[in-house]
Amino acid sequence: MSKKAGQMEIIKKILRYIRKYMFFVCLSVLLAALTVALTLYVPILTGDAVDLIIDKGLVDMPGIKNIIKKIIIAMVLTAVFQWIMNAANNYITYNVIKDVRRDAFARLQKLPLKYLDGHATGDIVSRVIADVDTFADGLLMGFTQLFTGVITIIGTLFFMLMTNVPITLVVVCITPLSFVVAKFIAQSTHNMFSLQSTARGEQTSLVEEMVGNQKVVKAFHREDEVIKDFEEINERLEKYSLKAIFFSSLTNPCTRFVNSIVYAGVGVFGAFVAMSGGISVGRLSCLLSYANQYTKPFNEISGVITELQNAIVCAGRIFELIEQEPQIPDAEDARVLTDAKGIVELENVDFSYVPEKELIKDFNLHVEPGQRVAIVGPTGCGKTTVINLLMRFYDVNDGSIKVDGTDIRDITRGSLRTSYGMVLQETWLRGGTIMDNIRTGKPEATEEEVIAAAKAAHAHSFIKRLPEGYHTVITEDGGSLSQGQKQLLCIARVMLCLPPMLILDEATSSIDTRTELKIQNAFAKMMEGRTSFIVAHRLSTIREADIILVMKDGNIIEQGNHDTLLAQGGFYSELYNSQYIG
Amino acid sequence: MKKLFKYLKDYTKECILAPLFKLLEASFELFIPLVIASIVDKGISNQDTGYILKMGGILVILAIVGLVSAVTAQFFAARAAVGFAAKLRSALFGHIQGLSYTNLDKAGTSTLITRMTSDINQVQSGVNMVLRLFLRSPIIVFGAMIMAFTIDVKSALIFVVAIPLLAIVVFGVMLVTIPLYRKVQSSLDKVLGITRENLTGVRVIRAFHREAEEQEKFGDLNDTLVDLQNFVGKISAVMNPVTYVIVNGAIVLLIYTGAVQVNVGNLTQGEVVAIINYMSQILVELVKLANLIVTVTKAMACADRVAAVFEIENEVNTPAEKFISEGAEIPFLAFQNVSLKYAGAGEETLNNISFRVKKGETIGVIGGTGCGKTSLVNLIAGFYKATKGGVFVNGVDIKELPEEEIGALVGIVPQKAVLFKGTIRSNLQWGNPDATDEQLWEAITLAQAKEVVEGKDGQLDAHVAQNGKNLSGGQRQRLTIARALVKKPEILILDDSASALDYATDAKLRAALKTIEDTTTTFIVSQRASTIRHADQIIVLDDGEMAGIGTHEELLQSCEVYQEIYYSQYPKEGGAANE
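These protein sequences, in sequence, are chains B and G. Residue 582, in the numbering used here, is where the first sequence stops; the numbers in between run on with no holes. Residue 579, in the numbering used here, is where the second sequence stops; the numbers in between run on with no holes.
A few of these clues could be false.
Footprint (simulated), chain G over chain B, 3 or more residues, beta carbon under 8 Å [what the hints assert, rightly or not]:
(1) 192-204
(2) 394-405
Label-pair distances were calculated between CB atoms; the ranges are [what the hints assert, rightly or not]:
(3) B:320 / G:27: 34 to 42 Å
(4) G:224 / B:452: 28 to 36 Å
(5) B:352 / G:458: 16 to 24 Å
(6) G:216 / B:468: 49 to 57 Å
(7) G:219 / B:369: 36 to 44 Å
(8) G:514 / B:448: 21 to 29 Å
(9) B:20 / G:68: 31 to 39 Å
(10) G:42 / B:72: 32 to 40 Å
(11) B:63 / G:42: 30 to 38 Å
(12) G:16 / B:188: 27 to 35 Å
(13) B:452 / G:216: 20 to 28 Å
Derived list of chain B stretches under chain G, where covered just means 3 residues or more per stretch with a C-beta under 8 Å from a C-beta of chain G [to be verified]:
(14) 235-247
(15) 254-260
To be clear, the hints were calculated from the coordinates, so they are not data collected in a lab. Every residue gets a Cβ at the ideal spot worked out from N, C-alpha and C, and that includes glycine.
When you get a sec, could you build the whole thing from the sequences and use the hints?
Now the structure itself:
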């Protein structure tokens, strides 16, 4: 697809967003027409008034008063129309932006994790925020200036033609130059804006990564090196920005130059026409002022065009996100899983993140309701992959996973996922109060329920000691809470919902054993009658499991219970025995 | 905001030249009506073709000169604005790098990121616009007024009234909208925050099936933002129509007084036309100015937000303490009645902690969740400073040591295993930029990460994604341990760094750490009794207080908290069988 066709595509998509606000667009265009007509009318009135002021004693005072009345009416109307028009333009722009952001966000909720895991957070955030902003600025400029500009041109042309045809023709012949120049500049700057956009995205990613992990940076005293990396991108960005901004800002002077030529043309040609008596001096000066008015919008329009160029580049990046292939939607007749019994079957499951690298091959597992499955293995052996599959964050490549006899691809994602209670090793909390965080899975929960859940998770005592108790506001990454405290909150979050199945990913790795022992009791109570999958290190947990999956390098190499596996004398027994060494 | 001006200092030349050339262009523009006037007065009335052509030539020359000066102005303006933004960005980034942990906690990363990116971009376009247009407008406005005075004082007085009125409107709108734009910006921050949250927490959100609620929440924030934007937009939109009314009102007055004056013979028709033209010129300038003001007010609001980050200053430490020596020997590391209270926290996180450590010892730190283990080691690393008492290295309070010195002394493996975009090598070299491959492999082997690295394509040069996303938690953790080992620090701190490791790897790791030279003092923070039981000293923390210190055997005898922890992991009956 050529670049131009690509741009047309983007513009079409933008128009689709604008369609909703057609009424305001029409209103804006109508008011623009009225405003322009009135502003063009006022100079005529002024000119008429001047014609009534001829010389000492030759002033038509009643006539002037009459004209002044007309000017005042025109002036007030213009002001009112202009204000409404501006407000309408703002309304259109901001609402389009709102719609775009809403769609982008909605798409984020539907994108497969594969996409999200594979793209830098900073890059996606900058699309939703910074790019949309630039796009908004371009759009707003486009609305406020493009309409009035075009209408002013048409209006002035009309008045000029009424006054003198040959001189108007001179104007009309020279002005296209202005377009050619503007277009040429716009084309050559498009590239530089792209470069600038890329460099900016790169910088945002770096800032996001380094500032986001500022504490690690400081711990290693890498400030200087990080600054160096930053400077490298910053210098590049400076270079591209300078080019993009400078070349795009050439549009105005260049088109203004063309205007001056037009002006000179009208002046000289008009003077010749006037000499032969074809036009009066008064008419000529009127034409000159119109010529000026006629070319001014061209300046603005070309300015708008560069701004729009930039906006289109940004819009392109947003649409790329919005149009990203979403996960396959739930089927119409997909089963809504309620009160799952907890039979989980994996049949001949094959899975890999990338086609080149085979990971899980021909994996079979049958879990009865209420059974505990422990997943063990050395670090990095792919235990979380199993969770990704059970939760359907990723789909299997081959084979099937069934819950209560139904393939999970035939169950709605929402009902499948809420049937599991999940506590991950990576604690994620959101900015907000402790209360809100625990309520994540059940916003309608009462305060008592939340406190009960926190007590069950043994989080109550530390929460109580926070400055504002349950209403303490924590920052996005949990701020000053310790890793263990965050984990307790994540457990409380699940305790509140009590779903029929559980997934615990090294869920208690950062909790001290005394507290853990207490939580284990709570967990044990919770796990009773609930099918649970536990990525575990602790022997006690593993030993009590009904099924132990031993993983290595992404594969399930052994499967069985503690006694059978120990008897096998394989990898598991090696792992088990090593625990007491050292 | 004024503080930001210093980053423009290097561009003083550009900042002067850009408006100067802009002025030049404007004054050439002012000549054009004069040339036209002489075409009319002399050329047409004398039927002088030669003169007309000559004047036409002058118009073209004026246009060329105008073009050249405008291009020059644009260039200097762009250079100043872009250069200023680049300097500002790097200064702000540098400032953020220098913020203390306490301040980073307070500021929040997502705000810092917006200020680094979109805010500075807005400031950049603001500076660019100001240099290109902002200075030109007042000069044209006042120039027109002065010209009016040369023609007729009475009419010029109308200018004297109209111009302040215009100024009041322009600045009034600015004054009202600047704080509103600031609100818009902070509302945008919230939209950014939720977007980020939904990306970082996508698994949790999907697990709880909160997609619809998140969308609703986003919708609310998005609506608030748009409502605010519309409100500010309506106020800004007042400016153009009001100035239009003022200027045209002035023109009406000029016509009326002009008519009266001409009638009594004080003025000519031509002079009235000229004065009206000057007033119109003011209107044209104001329209330009108005379009600009939105950009400038936004830029100013953003500049304030950027300046606010610069205003965050690292807190002043409490004065350094004197080391109270007991006996002749000065211990390598000592805590002396140390307490720590975080800014804004209700109570002290650490309370009156004292202990001494000899060089080469291994110290275990154990205790319940939130008991202050991490805070304790953070004090050793100097991330936070003791609010009472002192931490001493060789008898010197670390508050007196420069940050670089503490940094060189301490190697820490934080709880959260974070790696950065680049290669495995570039990540490990964070510990020591000059480390050879051999040294890197040595650290990798010690950290039990050999098979991790060997399993990757390109080994040391294997790609690491942002935040180490393409590695598992355990892989990341081992690499972060290797990163600290590459540094060969005198004090090595493992802050619960084996939590994502299985017991086997954990055991191997500890065995390996024992083999490194015995001048290294090691702090191991852990929940697992097995991890720390062989330490030379074990510090038992309970709710910020020191519940005990000693060897495993001693503590098992005397420390109730330790007993509880130990037996929770090694139940007495089962434990005996396993010993």
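Okay, the hints, checked on the actual structure:
no.	hint	in the structure
1	192-204	holds (count 3)
2	394-405	violated (count 0)
3	B:320 / G:27: 34 to 42 Å	47 Å, violated
4	G:224 / B:452: 28 to 36 Å	34 Å, holds
5	B:352 / G:458: 16 to 24 Å	20 Å, holds
6	G:216 / B:468: 49 to 57 Å	26 Å, violated
7	G:219 / B:369: 36 to 44 Å	39 Å, holds
8	G:514 / B:448: 21 to 29 Å	51 Å, violated
9	B:20 / G:68: 31 to 39 Å	47 Å, violated
10	G:42 / B:72: 32 to 40 Å	38 Å, holds
11	B:63 / G:42: 30 to 38 Å	32 Å, holds
12	G:16 / B:188: 27 to 35 Å	29 Å, holds
13	B:452 / G:216: 20 to 28 Å	27 Å, holds
14	235-247	holds (count 7)
15	254-260	holds (count 4)
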